Amino acid sequence: MAIAENLVTTAFAKDAVLDCRLDRLHYGSFQAVRDSHIPVHKGRITGFIGPSGCGKSSVLRCFNRTNDLIPGFSFDGQVLFEGSDIYAADIDPVAIRRFIGMVFQQPNPFAMSIFDNVAFGLKINRYKGDVAARVEEALRQAALWDEVKDKLKRSGLSLSGGQQQRLCIARAIATSPTVLLMDEPCSALDPIATQRIEELMLELKERYTIALVTHNMQQARRVADNTAFMGVDIAGGRRTGYLVEFGSTDQVFEDPREALTREYLRGKFS
Amino acid sequence: MAGEPAKTGNHGGIARAPAAGERIADRLFRGGTRVLTWLVVLLSAYIVWEIGGSALPAIREYGLGFLIGTEWDPNAGKFGVLPQIWGTVYSSFLALLMAGTVGLVIAIFLTQGFLPAKLETAFRSIVELLAAVPSVVYGLWGIHVVIPLLRPAADWLHAELGWVPFFGTTLSGPGMFPAALVLAIMVLPTVAAISQDALRAVPHKMREAVYGMGATRWQAILKVIVPAASSSIFGAMVLGLGRALGETMALAMLVGNSNQITLSLFSPANTLAASLALNFPEAGVVEAGALMYAALVLLAITLIVNVIGASIVARSTRRLEGQA
Ligand SMILES: Nc1ncnc2c1ncn2[C@@H]1O[C@H](COP(=O)(O)OP(=O)(O)OP(=O)(O)O)[C@@H](O)[C@H]1O
Ligand SMILES: [Mg+2]
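Chains A and B, in that order, give the protein sequences.
Each residue of the first sequence is one higher than the one before, counting from 768 in my numbering.
Each residue of the second sequence is one higher than the one before, counting from 823 in my numbering.
Bound conformation, chain A alone:
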């Protein structure tokens, strides 16, 4: 079975923009994730599902090296972005993060105006076009424009939680990154905003690539082309996450190869 799985993953890895070959991920001496080879395909949405604490966010944050900011973090393995390892010594993480954008699990707007929040990425990338138009477009795509168009000068921190989350989505998509990493982008949104963000993801994947962590199984089914299901090993009181199964969403949901996946999808554990 392990061989079969490897074959499947290898087949999938062929046209991946991002190919994560994680061997071990540690926070200090705590091993949070092991052996997870997950490809993220160009022009598709890759969903990450699994119980809380299994390391979905940790893996996602490796894709653009945001974990580097955490003291004690260490990563064994490779993450290939368009063929080259972003963890290689000669790679500048700053450049990587400009091409691989991220929407975090918790909204984190900057302490500046709504407009400046969205324009920030444009400024650091020295965008020469019409900044205001680009900001408006991003805010419209993130389904936030109507709510903020009259108060663009107000602080981003003055918005409600769900509005802040959409502001962060707008900020991330304003620069049209090659890959967009989204960590539970809809967790604080009402059904209507959620639907608009899902539509946005489907629209964006035409041009970009998206990796999406979600606890909402329906959402994973609706939008994800491929799905990675992660589980947790509980060995000696330490919880280590790992990839249980990866495949097309239809296959993972309709005909999971692993018993664990089946149980999770039926709601049998955690």
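Be careful, since some hints might not be right.
[As the list claims (entries may be wrong)] Here are the simulated EDC-like pairs of lysine to aspartate or glutamate, each with C-alpha atoms no more than 20 Å apart in a straight line:
hint, chain 1, residue 1, chain 2, residue 2
1, B, K1027, A, D950
2, A, K920, B, E1143
3, B, K900, B, E1109
[Said to hold, decoys possible] On the chain A side, residues computed to face chain B include the following (Cβ under 10 Å):
hint, residue
4, T833
5, L836
6, I863
7, M869
8, R921
9, L924
10, P944
Hint data in this document are derived by calculation from the structure and do not stem from the laboratory.
Model, not experiment: these values are computed from the prediction.
Glycine included, each C-beta is placed from N, C-alpha and C at the ideal position.
Dock chain B with the ligands against chain A, hints included.
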């Protein structure tokens, strides 16, 4: 059941209304803090009242002319504090300019991951030690070390750039610049420590967000992290300024005690606090009254600076955090 749930409380759950004892303790605590707060306010008012009372004859005698008079001559009965006001404000702002810049740079350097955590704490303690040095020691150090050290540079600046008002005179000994420089070192620990706390208080997730966008370290620090902490950093500056305005001993030793109004950095000057300290011991009744008036002026300046500072801090907090 719908009648008085708060009092009857227990419906089988664990929640219950606070007991009478808890409510009394709470009320006592609130009462106590209120009393203490008012005590502080009353004490301040009492001090102002006392000084104002002693200054009243002088206020009647010299009126507002005291504030714009430039001479202090007890024998001729002439009292004016404009040079001292100028010296106080000029030296404090010069000191703040230096301490603010250096303090912010130190704070950035010690909080933004340039050093391992242990070194950060070590350096922080070293900077804070500066606050433990007594004022008079700073004064002595200024006279015996700083002034001789500054003299060659000051002479050179005066010779080469003498036409610039700041370098219009030579440094003959105590003067504005050595005073402001030592003042800056005295204010530095306050500014640096509070700025560090402010920078550390910027939420980790905001740092993650900015680095996650692909900002370079300097972009992240200068465009997001420092602005996010800016109202507290500004608060640090206001505190530093307050301290500089009132600093007495070191200035009395270093500023030169000469009542002139000049932009020149090297000429001797005077400040309100320094002239109070130097003139009180030998003052007659009339001069003592005038000095009380001067003390009141110093108090007013400090108060105004703090009120303006506090309101700017509050405004920028509101702007950054968006509370309406
Ligand atoms: N900064 C950190 N420092 C130390 N341990 C961490 C850190 N972040 C996460 N962990 C640990 O790593 C493990 C995986 O966490 P992670 O946040 O990746 O889980 P997750 O799958 O995203 O969970 P959730 O669905 O609840 O968001 C957890 O056991 C967590 O305690
Ligand atoms: Mg998570």
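Verification of the supplied hints:
no.	hint	result
1	B:K1027 - A:D950	holds (13 Å)
2	A:K920 - B:E1143	holds (12 Å)
3	B:K900 - B:E1109	holds (9 Å)
4	T833	holds (5 Å)
5	L836	holds (6 Å)
6	I863	holds (7 Å)
7	M869	holds (5 Å)
8	R921	holds (6 Å)
9	L924	holds (5 Å)
10	P944	holds (9 Å)
Violated hints for the displayed structure: none, as all numbered hints are satisfied.
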